[in-house]
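Residue numbers (the numbering used here), protein chains in the order written: chain P, 1 to 110; chain L, 1 to 226.
Mixed in with the good hints there might be a few duds.
[As the list claims (entries may be wrong)] Computed list of lysine-lysine pairs in BS3-like fashion (alpha-carbon distance at most 30 Å, straight line):
id	chain 1	residue 1	chain 2	residue 2
1	L	K193	P	K110
2	L	K121	P	K110
3	L	K213	P	K29
4	L	K215	L	K121
5	P	K55	L	K62
What the hints contain is simulated information worked out from the structure, not anything from laboratory work.
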Amino acid sequence: MSSQVLSLSRTWISDTNEISFPAVLSEGKTITVDDIDLNIPQAQSIAIAFQEAYKSHPPSFVISTVLVLIGLADILMFLESSIYFFHPYIALGLMVTGIGMLSTMYVANK
Amino acid sequence: MKLFKLIVAINYTEIPSGLNYRTKLLTLLTGKEQNAGKLPFGENFELRVNGKKLFLNVGLDKTGFEINQPESEQVAINEGISFFKKVYNFAQWKTIDRIGVRSFWVDTYSIEFSKLIELYKEKFFREVPLISRAPDVAFALTLKDGNRKINFNTGPMQKKQLVEVFLPQAPFEEKDVPETFAFVDHDYYLLEKNEYKNAFLEKFVNNAVLLAKTKASETFKILRGK
């Protein structure tokens with residue numbers, strides 16, 4: 001666009017778009033820095049995702065965690081002393097179900 | 001073709017709990033659940049990051065991310081998503097009223113500006129007196145992607161106007177701004193209440209940038225006659 005239509009196009013751009021330039025109206029004092037790192041450390045990111053999963057679906061989160069723990073405890077008991085409450089295959093099934101539920105919640109809240 | 005600018009913004013009416021210190025203080029001091037509301041001129045936190053050419057804003061009713069001249073589209077997307085994830089952990093906004101991604105694409109030409117205008121006229125307009133006599137051209141379209149809307153603008157542009165109109169606040173490198181170029185300005189947004197989720201934002205931003213890239217490439221191909 002040439003300078004002849006500069007004022008017109010300025011209106012045209014702001015009128016036809018939902019997100020204006022700049023993205024936000026300046027209502028406060030702008031702070032300037034040289035650089036920042038926006039990334040969240042991986043471990044913290046995983047912890048946050050699980051925290052969010054718990055907050056959004058507390059019953060599912062608790063049930064899946066309990067399933068994993070029961071399954072794990074049963075398998076460990078079987079390995080240690082050949083005693084079990086559930087057959088190890090059932091315990092494994094419980095664990096897989098629990099892990100599956102937790103993974104789904106993790107991905108949804110990632 | 002290059003992504004020159006990317007803006008991601010969300011709007012919300014409910015003050016995010018992490019930013020609502022006035023209500024927290026009022027409740028603490030009075031011993032009752034109360035809402036202190038907003039200040040008349042709003043309260044915004046604005047951060048300009050020279051190294052990454054970013055302009056960031058966190059406010060009581062909106063949060064925005066702006067990057068100029070990113071190394072690549074993926075870098076822009078990743079920085080944007082990381083910003084929202086990081087701020088969300090602190091601000092904890094809940095329902096958002098609107099989410100939008102605006103991207104600005106450029107295709108540099110080494111011809112004179114007037115020739116680029118003629119090229120636009122030839123490829124996109126019919127030869128009628130109104131168009132032939134116009135010293136400059138550009139056009140706007142309204143497009144749709146399901147329930148999302150798109151404001152699409154394209155035209156020829158010069159460095160001077162880009163700097164004046166599109167780069168008022170965020171840091172940028174002037175020497176890397178092309179002299180004459182064709183632009184596509186793609187504003188993709190959803191005006192609908194949604195429960196905020198990082199995964200939703202991530203998908204939305206990726207989808208918006210991919211669609212914008214496709215539309216920009218389509219436009220520039222027509223212009224170059226490919």
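### Task
Could you check the structure against the hints above and give me the numbers of any it violates, in ascending order?
2 and 3
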